[in-house]
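Asker: Residues per chain are reported as follows:
There are 2 protein chains.
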Amino acid sequence: MKIAILLFNNFTALDVVGPYEVLSRLPDTKIYFVGPDKKDYEDSYGLKMLAEYSINDISEADVLLIPGGYGVDDILKNTEIIEWIKKIDRTSKWTVSVCSGALLLAEAGLLIDKKCTTHWKRKDQLRNYKVDVINERYVHDGKIITSAGVSAGIDMALYMVSIIENEQAAKMIQLSIEYDPNPPFDCGSPDKVPQEMIDKLKK
Amino acid sequence: MKIAILLFNNFTALDVVGPYEVLSRLPDTKIYFVGPDKKDYEDSYGLKMLAEYSINDISEADVLLIPGGYGVDDILKNTEIIEWIKKIDRTSKWTVSVCSGALLLAEAGLLIDKKCTTHWKRKDQLRNYKVDVINERYVHDGKIITSAGVSAGIDMALYMVSIIENEQAAKMIQLSIEYDPNPPFDCGSPDKVPQEMIDKLKK
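Taken in order, these protein sequences are the chains called A and B. Its first residue numbered 1, the first sequence is counted upward by one per residue in this note's numbering. Its first residue numbered 1, the second sequence is counted upward by one per residue in this note's numbering.
All clues given are correct.
Note that the list lumps identical chains together, so a pair holds whenever it fits in one copy or between two copies.
In the DSBU-like style, the derived pairs of lysine-lysine whose C-alpha atoms are separated by at most 35 angstroms in a straight line are:
1) 77 / 143
2) 143 / 192
3) 30 / 192
4) 48 / 93
5) 192 / 2
6) 30 / 202
7) 115 / 130
8) 48 / 86
9) 203 / 93
10) 143 / 2
Think of the hints as simulated: they come from the structure by calculation, not from any bench.
For reference, chain A alone in the conformation it holds in the complex (with noise of 0.2 angstroms):
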């Protein structure tokens, strides 16, 4: 199984990371770290990783996945990698994305009727698109699949290796990372906290 994810400066680490841990346990897969250009990219608090390929290099996959994070906002205005996002779509069994990475399959125009999700803080933005913003931790439709922010993307990976596999894969890859979250607080969904903590995080 090819695995293309797309990095770009400014992506959100733990979008990318989070579901690399999980679906880089597929059998005979391999993942292929993709930018515009070949060379390391800087997430928004230091942290580089290398994109072995450019957009040039590939040009199919069976899985796309489209991180979020900062950097989403300039990227929606970069036609060429909005092309390549389509371009990649056209050849792939799965297209998916982690929290804002959604805006991007929303501006490739593959979202459009869909029921989707993304990060709490952008669903507002995705809502310009013709598209279904429904309030699920991942989102399933079609060969799409979003999930909302950030730590998301773990659960939807599980959730992909389940069908893309079978569920006792999924299940040995959660026990191998010892996926058994048990935050100290329980406040990771705007619907769990006060609305002071929401406005002060959308400001």
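The hints should help you fit chain B onto chain A, whose structure is shown.
Answerer: Relative to chain A, chain B alone:
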């Protein structure tokens, strides 16, 4: 706050990026990715992350974070790295590990008589040191915090923010990374799965 994260070949990417995504959002914080040399390090599945600093460049840190991965077994025999861990620990407010990174802290003599934890597959190996291995998602003893396998670093890092900064800061970060985990299966811990799954992964 100066946070040093060790990179080495065959590290586990999510051990690094899980806590990184949380801790990098602390105010006035800079993360230093530190390797034996200043270069790209490759995880176990092909991802490459840049160590912008070598261990010779970094002689102190407020937080020292040691990830795990298959590469840990090589690093256990690398006296230069183990000495560097000891040296930075002498300057740190917090010395922490994710997954099998606890073995490196133990090898450096930093876990003697301490309560600690590691990936469930590595607990017997950790018990070879004079330490008190316990079954928790993360364990705080003095200035040492150790976490269970891979994904547990996210939970540990949120706890760290709550004690380094305050609870409200941790909750804001949890909301901003939308960490409201909802895995499709409940099998992320060896307590929750049939023995044959454990045996298969231990092979």
